Each structure stands twice: as structure tokens, then as C-alpha cells.
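Asks: Start from the sequences, fold in the hints, and give me the full structure.
Here is what each chain is made of, one letter per residue.
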Amino acid sequence: MTQLLLFNVTNGLIIGAFYVLMALGLSLILNLSNVINFAHGGFLVIGGYIAYAVTPYVGFWGALLIAPPLTAVIGFFVERILIRPLYGRDPLYSLLLTFGLAFIIEDGTRFIWGAQGKPVTVPAMLARPLSMQFFFITGYRLFMVAAAIVVVAALFAILRYTRLGLRIRAGTLDLETVAALGVNVQALRSLNFAAGVFLAGLSGVLAAGQLGLEPTMGTGLLMPSFVAIIVGGVGSLTGTLIGGLLIGVASGLTAVFAPAASEAVIYVLMALILLLRPRGLFGEEGMLT
Amino acid sequence: MALMLERGRLDRRAVLKGAAALGGFAVASPAIIAARGETPIKIGLVDPLTGVYAAPAQNEVIGARLAVSRINAKGGVIGRPVELLVEDSANDVGTGVQKARKLIERDEVSFIIGDVNSAIAQAISQVANEKKVLHIVSGGHTDTITGKDCKWNTYRVCHATSMEANSVCGTLFKQYGKKWHFITPDYAFGHTLQQAALADLTKLGGTMTGNELTPLGTTDFSAYLIKARAANPDVILVLVQGSDMVNCLKQIVQFGLNTQVHIAGLQQELESLEAMPPEARIGIWMFEWYWKQPGVPGVDQFVADIRKVNNGKVPTARHWFGYTSVQTLAEVANQQKSIDSLKLAQALANFELPPDVKLQPNKCYYRAGDHQLMSSAFIGEALAQGKDDPEDLFRVDKVVAGDETALPVDQTGCKVQWPA
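Just so you know, the protein sequences line up as chains V and L, in that order. FYI, this note's numbering numbers position 152 of the first sequence as 152, with every residue one higher than the one before it. FYI, this note's numbering numbers position 10 of the second sequence as 10, with every residue one higher than the one before it.
Honestly, the hints are just simulated from the structure, not real lab data. Please note that the accuracy of each hint is not assured.
Unchecked claim - Okay, derived cross-link-like pairs now, DSBU-like style, lysine-lysine, Cα gap no bigger than 35 Å in a straight line:
1. L:Lys292 - V:Lys118
2. L:Lys179 - V:Lys118
3. V:Lys118 - L:Lys313
4. L:Lys308 - V:Lys118
5. V:Lys118 - L:Lys337
6. V:Lys118 - L:Lys387
In this text the structure is predicted, and so the values were computed from the model without any measurement.
Replies: Structure, rendered in C-alpha cells:
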């Protein structure tokens, strides 16, 4: 039993690392632009399918390098053309826009690549477990965790030590003052949105290796990421990081005792946190008002 | 429009509104096929064209369309052309019911077909019963549709879950062992499928080490697999379908579990096998229909015709479901020279499908007692690579007739109530 628990905690952390990657992108966009990006799952799917399209020419590693920046470019234009006109309005407008966009992306991928799923093969060196006993720790899953750690560390370093990061953090706290100080807020928002979408694209490539591709795959992966943000607290990237790991472990542990509840448990956790600490674990009061 | 011309330029908002209206019209209006000649006979088809079952649903539509074009080429039904109206249930019971009502009330279809999702199929059956319209369930498998909730107006083409279990459980038991662990989708289809398999297992003298109920749309199966492995079964039975099946098998192979325990299941589909990487195509399964049947009349022609309208790809069981559903209606209507639902429903009892419709070796007929089509099960093993054709991903070892896999009528719980 102890072994089963230990297995599931480790497994939960692995899954959680993926949620973190996805949720950090969402969180970046939400914090600076007050946009609840429902199309984030859609961008994940775009990233995955771009990787699928380029893999025959550049291989898996090439796709991993190419697909996320390309997805970010698409995100950049989506922000410029569709989302920018809605900044002055109630966040509900951009929520509805991205909600619709999610459907358009899903049907678009179905139109281009077909409704039937597409297989993605990962490099053979990654596609095997490290040991018979710890069969759930495969090379690929370790690679996903490593990629998540590197990207999260890079993101935190950029936010902490660069001028751009400083502006994004300042903008999260008080965008008007940042604008008054002469920072080009529009460009800042575009870049920030593209960075968030970059993380979605990267999650898409990583997920494609683990799960294969399907036009609807974004929806299933998006909800846990939202929950991670709410549990961790809106406005705090550290909170998002902890929230993602927490729901991964919670869902893994529940699977031992009540498998059917292992997806529901993350929503129960969210409800509990909202009841006891409405701003989330590390959230700032008064965000999104 | 006049306003726009007066201004001398095309107003941007007006153009956008127009485009949106046009787009909306294209989405809202059903696809109309083969609308030639006078007063066509309309058949409504409701299937989840969007959502997790989009791939099988779209294949059912392609099969149904082929049937329509074949029927119309042969002079239609009692001299009238057939028209197929397709609606998207979006994999949602409420939407499915609404679309079925719209087809029956507004479009005045004579018959209705659908749905891939068992729960929606059951709901449509209820609506069609209320409206007294003949309904054929193309691809929803749960037992109760031709079991305790059977209706005089509802017939089913695809297998009942108990037929699927009965067709392959004996083989699995003999070849893989007697301790089974289930990975089951947590809704109507999964529940009845797992119960039927467990009943067979108990009868054979085996034991269940556990049953993992997984929510529809689960992406990560690792937690369930850790538990299943810890229970130390002889075989893990994967009962989930569609993208869940793809994810689950892919993870099983990545974890190397297939080298430690046997991996198999009951229902398998070509759509799923094609979406998997080759190494994940493993295990013994049952197919409801398979495209490679040397020497069986009509199959080669059917495969060739579907390839023409399916980007060169071969038909799956889903194409056959759609095709057979429409053909059944045409055959029985031509035989009875009528489109009266009650009359045709009565005529369909023990109605046998002709060779160019059944496309399989055994006798294939709608059983009078529960309205279930007695069609064959194709038992065999998944193949990593096709030998002669990249889509030949299943080796059929035996074809079992429907009569041998279906529960006796008195055990299905079905008592057909005919209208007074």
C-alpha cells in the first residue's frame, strides 16, 4: 500500500509538471491582460499539429524547436487582430471571443487534418521505462518534467532579471502607471500573449508525444490548468506552479482509493480552496475586478 | 443592401453581418444529398459530427451517403429518390433530441437514424417512439436499447455490448488466463460491456482483480495502470474507446506493461488502431465488421466505392453501419411498397439482409424478439503493420454469427410493445 501511494505521488508530480507548463501560459496572459484565454487548449492543439506536420522533415527534436515559436507567432497575430480591440471592455468580451476561437480552432484542425486521431512517435531512446518496477517513469515522461523545469526556470529568470520581465510584473500590478511611465503597453501585451501561447505550443508538442493528436485534445487538458490557477491564486505565478503540482498529486492519490473520482477530486479541491481562501493559496486580493 | 449602395461603399459591419448570416445558414441547414426528382423520401441522420466521437460519426455519414447514391442510381425507393438530412448531435443528449425533433417535425423525415453515443441513441429512440417514426440505431451499443428499453419502432445495426463480450471472452480466457482487470469507460456503454464480460468470466471460472472506472475523455491513464499492475492480473482488458483507447494503449506500451501482462479488450475499431503508433497495436479483440473478407460477395466493390469518397481510405465498421442502416430502410420499403413506419417496423421482424447489404459470410437478420441485427463478430489480433495494405491492421481468425453471440431474447429484458 505504501508503495502504491509512493508511486502515485511521484506519478502525480509528473502529471502536475505538465499542468504547470500549460497553466503558466494561461496565468501570464490573465495576469497582465485580464484575458481568460479559453483558446489556450486550441493553441496547444495547433502546436501539436504543427509538430506533426513538420516531423517528417525535421524529426521530433526539430519539431520541438520549430512548433512552439510558430504557435507563438499565430498567438501574436490573434492578439493584435482579435483581442486588442476588447481590452477596454468587460473581461467577459474577451472570454467569449476566446471561447468561440477555441471552437474555430478545433473545427479548423478537424477540417485540415481530419477527425481521426494522428499517431506521433517519440524517439525510441525515450519511449521505454527506466525499470520494470517503476514502469510509469519512462524516458519521455522524465524528459517532459525536465523540459517543464527548464522552461519554468527560464520564465522566472526572465521575469526577475530582465527589463521586459520587470515591465510585465509591474504591468500586472498597475498597468496604468506603467503606461504613464512611457512603456509601450500594447507591445508589452502582445509579447506577453505570444509568450503565453508559446508555452501552450510547447505543451502541445510534449502532449502529442505522450497522447497522440486529436482535434478535441485541448479541452481535456485546459480545465485542470484553470483549476491549477484558481487553486494557486490568480495573479501569482508561484501559486500557479504549486497549484499545478498539487492537483496532479491529488488526482494521483485519489486514483488509489476511488479511481472514478480522480478527475472530480481536482474540482472538489478547488471548491474547498475557494471556500476557505477565496483568493487562492498565493493569490492577491482584488484581481479580476 | 439599398442602404449600402446609397452610401456608395460597402459598409464593413454590413459585410460582416452578411458573412456571419451566410456562415450561420451553412451551419444550421442540413446537408442535402441527391435531391433530385419529385417528392423525395427523406431520411434523417443524427450523429456527433463534433466532439470525441467525430471520427466514427463522420464515417457513418459517408457510409450512409454511399447507400443513398446506390439506391438512387437504382431508381430510388418505390420510384421516389431518397434524400439524406444530416444533423450534428455534438455528442450531447439535449442537442441530439432537439435535432431529432427538428428532423421529424420541421423537415418531416420518414425515418431516422443515429447515434454513435449510446445515451443519445436511447434518447432519440424515445422521441421517435413518441412521434411513431421508424428509427435505426446505427452505432450506439449499450444493451438496453434492444433490452429493457426496446421500442417497436427501434431497430439496431451495431452489436449489443453483451454480444461483443460473448464473442471474444472465451478466446481471451483460453489464450491469456483467468485473472482479469478492467479499464472501463464510466458511462452506459462501458458499464454494460464490463458487466457482460464479468458474467462471461465468472461462467468460465475466472476472477476479476479490479475494475477501473475512468471518466470519458481521460487523457492520462497512468494512475489506473499503476493500480491495475499492482493487482497482478493475467490480462488487462481495455474497454475504453476512441481517443481514450488510443491514449490508454499508447501509455501501456510506453510503460512496457505489455511485456509483463497480456493486454486485450473486447470492441476494437480501425479508427483507433490507425490513430496509434505501430507498437501500440497489440492484443486480441473483436471487430464488428472488417474490410478484408476474401471471397465474400459485394465486399470488394463496397471497399472500392468507399475509397472513392473517403480520401482513398478503406471502410471501417462505422461506414458499414451507416450504409446498412440506410439500405435496410430502402430494402424493406421497396419490399412493402410503403413508407409507413408501423408497417415497415412489423416487416423488419426477422427481415434478412441481402448479400450486397450484409457484406459478411453468415446469415444477417433483425431478430423479431428484440429488434437487434444478428450480425457477425470478427475475432482476431491487432497487427503493428499492414502486410499488403497499410490499413490492414487486424488479422481475422474467425467470424462468429450473431445468433451465437446474442443473449436469448428472454434474457435481454426486451418486451416489444406494439401500438394498439
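Asks: Measure nothing beyond the straight line between the CA atoms of Lys292 (chain L) and Lys118 (chain V); if it is 35 Å or shorter, mark the hint as holding.
Replies: holds (23 Å)
Asks: For a C-alpha distance cap of 35 Å, please report whether Lys179 (chain L) and Lys118 (chain V) respect it.
Replies: It holds: about 33 Å lies between the C-alpha atoms, which stays within 35 Å.
Asks: Between Lys118 (chain V) and Lys387 (chain L), is the straight-line Cα distance small enough, at 35 Å or below?
Replies: Holds - the C-alpha atoms of Lys387 (chain L) and Lys118 (chain V) are around 20 Å apart, at most 35 Å.
Asks: Can the restraint linking Lys118 (chain V) and Lys337 (chain L) be considered satisfied, given a maximum Cα separation of 35 Å?
Replies: violated (46 Å)
Asks: Does Lys313 (chain L) lie within 35 Å of Lys118 (chain V) when you go C-alpha to C-alpha?
Replies: holds (14 Å)
Asks: Can the restraint linking Lys308 (chain L) and Lys118 (chain V) be considered satisfied, given a maximum Cα separation of 35 Å?
Replies: holds (21 Å)
Checked against the numbered hints given earlier, the structure breaks only hint 5 and satisfies all the rest.
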